[in-house]
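Engineer: Sequences are here, hints too, so could you generate the full structure?
Protein chains: 2
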Amino acid sequence: MPVHHVVKPSLVVNEDRCRNNISVMASKARRLGLKFRPHFKTHQSWAAGRWFRDEGVDAITVSSVDMARYFAHDGWSDITLAIPVNPLQAKQVAELSRQINLNLVVVDSMALQPAIALTEGNQPGVFIKVDAGYGRAGLPCERTEEIVALAQKLSVVDKLDFKGILAHDGHTYQATTLGQIESIRHESNRRMAVASEALSLAGMKAMVSAGDTPSCTRSEHWEGVDEIRPGNFAFYDVQQLMAGNCTTGQMALAVYCPVISVEPQKGKAVIYGGAVHFSKDFAFENGERIFGAGFAVKEPGASWPCHLEQLPFRLTALSQEHGILTGAPKQMAQLKPGSLVALFPAHSCLAVAQFKSFLTTSGSLEQTINHWC
Amino acid sequence: MPVHHVVKPSLVVNEDRCRNNISVMASKARRLGLKFRPHFKTHQSWAAGRWFRDEGVDAITVSSVDMARYFAHDGWSDITLAIPVNPLQAKQVAELSRQINLNLVVVDSMALQPAIALTEGNQPGVFIKVDAGYGRAGLPCERTEEIVALAQKLSVVDKLDFKGILAHDGHTYQATTLGQIESIRHESNRRMAVASEALSLAGMKAMVSAGDTPSCTRSEHWEGVDEIRPGNFAFYDVQQLMAGNCTTGQMALAVYCPVISVEPQKGKAVIYGGAVHFSKDFAFENGERIFGAGFAVKEPGASWPCHLEQLPFRLTALSQEHGILTGAPKQMAQLKPGSLVALFPAHSCLAVAQFKSFLTTSGSLEQTINHWC
Chain R
0 MPVHHVVKPS
10 LVVNEDRCRN
20 NISVMASKAR
30 RLGLKFRPHF
40 KTHQSWAAGR
50 WFRDEGVDAI
60 TVSSVDMARY
70 FAHDGWSDIT
80 LAIPVNPLQA
90 KQVAELSRQI
100 NLNLVVVDSM
110 ALQPAIALTE
120 GNQPGVFIKV
130 DAGYGRAGLP
140 CERTEEIVAL
150 AQKLSVVDKL
160 DFKGILAHDG
170 HTYQATTLGQ
180 IESIRHESNR
190 RMAVASEALS
200 LAGMKAMVSA
210 GDTPSCTRSE
220 HWEGVDEIRP
230 GNFAFYDVQQ
240 LMAGNCTTGQ
250 MALAVYCPVI
260 SVEPQKGKAV
270 IYGGAVHFSK
280 DFAFENGERI
290 FGAGFAVKEP
300 GASWPCHLEQ
310 LPFRLTALSQ
320 EHGILTGAPK
330 QMAQLKPGSL
340 VALFPAHSCL
350 AVAQFKSFLT
360 TSGSLEQTIN
370 HWC
Chain P
0 MPVHHVVKPS
10 LVVNEDRCRN
20 NISVMASKAR
30 RLGLKFRPHF
40 KTHQSWAAGR
50 WFRDEGVDAI
60 TVSSVDMARY
70 FAHDGWSDIT
80 LAIPVNPLQA
90 KQVAELSRQI
100 NLNLVVVDSM
110 ALQPAIALTE
120 GNQPGVFIKV
130 DAGYGRAGLP
140 CERTEEIVAL
150 AQKLSVVDKL
160 DFKGILAHDG
170 HTYQATTLGQ
180 IESIRHESNR
190 RMAVASEALS
200 LAGMKAMVSA
210 GDTPSCTRSE
220 HWEGVDEIRP
230 GNFAFYDVQQ
240 LMAGNCTTGQ
250 MALAVYCPVI
260 SVEPQKGKAV
270 IYGGAVHFSK
280 DFAFENGERI
290 FGAGFAVKEP
300 GASWPCHLEQ
310 LPFRLTALSQ
320 EHGILTGAPK
330 QMAQLKPGSL
340 VALFPAHSCL
350 AVAQFKSFLT
360 TSGSLEQTIN
370 HWC
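Same order as they appear, the protein sequences are chains R and P.
Just so we're aligned: the first sequence equals residues 0 to 372 in numbering that gives the first Met the number 0.
Just so we're aligned: the second sequence equals residues 0 to 372 in numbering that gives the first Met the number 0.
Derived from the structure by calculation, the hints contain no laboratory data.
These numbers come from a predicted model, not from an experiment.
Label-pair restraints from in silico Cβ distances: (1) P:Phe283 x R:Asn285: 22 to 30 Å; (2) P:Asp57 x R:Thr246: 52 to 60 Å; (3) P:Glu284 x R:Leu307: 35 to 43 Å; (4) R:Thr176 x P:Gln309: 39 to 47 Å; (5) P:Ser26 x R:Asn121: 55 to 63 Å; (6) P:Cys372 x R:Glu284: 31 to 39 Å; (7) P:Cys305 x R:Lys355: 34 to 42 Å.
Glycine residues also receive a C-beta, built at the ideal position from the N, C-alpha and C atoms.
Structural biologist: Shown next as structure tokens:
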């Protein structure tokens, strides 16, 4: 279905931009000697996964057992499930560990037991989740005795393939300057080194896995890090734009929405497109909350704007199925009921999660995990 | 699939409570002489729709063309599509108007033309969307000349079945006292009367359609109103609880989530359950943002708590697939990896929209619209 046949809120991916984003990140990882294990929770689709494969990517990160099964089904055979293992899905985890090279993440070895009991010798790789500054989950890097004891327990008692330590420095998403990002990276590198040195002294080689979109996009400082796992960069979004982590020209995902009512003199329009299409996540622009930013789709297949000034509309309120667009009266005057607007969402990962498929600007229709399970 | 076979985040509906909520609202509408046209965007499922039918409901409200088609397919034949009509879906709207008694909502008659051109004489009913105080969409009630002119145009030029005026007083969702709700109702009743009297003077009988969950639950003041369209009350949620619009014992929808890591001494646990299960909508409790509130599921089929003090856990942070639970260390100590917690979401409508099915406490598995389209 070509983009100009859109009649209701639809996810549209700019394939060229997405491929370019992948290529830039893959090249950076190669240049810095870092293993590139992109997080596939952003695009959640076989199609975009293949664009990564075209760039030589062979190892990925996911955030649910369903997502691991979905990508294993498309031939991905080296997958890190980057969420502490869920004992209630032991059966599914054990099944996966027999099919692919699966890496699990653990904070508490007890949680791993039910899965291990079922793997029949095909023990998965395992990372210890550490906290290097974010403070949300994981063993703080300085609790080296506990980390070493857990690693030994995993290697000896459970005969697991102990891989190393893994952190998610999610606080980079709140950073608004390169200086803030670098200071988070500096602290994370330093703290993960404390944990990996303790493991090394205890005779265990530990891989260090880190890296999110803000820091992987902007930082050059990866001392001691072996592997990066960014995801959002494939599409970027308004949160990343406002934080200075991408340009408008790198934004590769939009939600196309029909305009259903316009009041140009008030600088306001109502669109069919709401929380069930964008999620309710938001970005800040000049202290104001926005759910998206976009432009009028004037002709099918027209190229997307590359500059912020070419985005005259802001999605400033969201109900379940409709949203309020604001902009200058002169810009609003170009819209009428039945016009289409393209809106970059505040948070692309969560917008993708609302749909079962996406269109590409090259005219194909691609399914996502929501179609599959 | 019985509830105790839950291994991943799952939507669970307490059928008894939901049926009771429906019965209470249907009785109130009967007592007040109001037509009850519940909004089905909350539960989005044939199964819950049938519980309404059991209470004598025969007319419903929906917020998308897809939702109208979905419920028409289950035999609902009197449906109001309460969002300004989308000209790009003219074909689907016209098709529906041939199958069922369809009511449309219009702000700008131009938007209606493409659909009208295709209806082949089966003209739908039409409401003018008015703004009675919320300020988000619709013609302000005081612009009576425009409202009358639009109604005349719809009746004469388009030979439509002009039904009346329709408002959504969404600002009741921000109200925290009965006094605030009553003051919104008072203003809405007064302003809608201005518009309906102007229509009456021009010889047009106008039905007045209004009413959302906070006001339909708490207010007795419906002077001049003919029809109410609440939706959320079927399940309620933490937003409604915190606003004083329901008790814990009326909350009929929870997301069951596996616990994946616990730090009792920190009063913290990590659950498998995130923004893709709860949405990112939030409620406020003592000025703090919360995404859900809940309890440990101790035994399959156990009854749900009826008092706020029986909900020891708060969902205080949400990533894409996981969330952070906080609570007193003593309460956290009852959890371990593999425990299940039941969390009432901040906003039940948006939580439902994240799933394709729900379990009921009586043990059945019911599909929602996301399974269907």
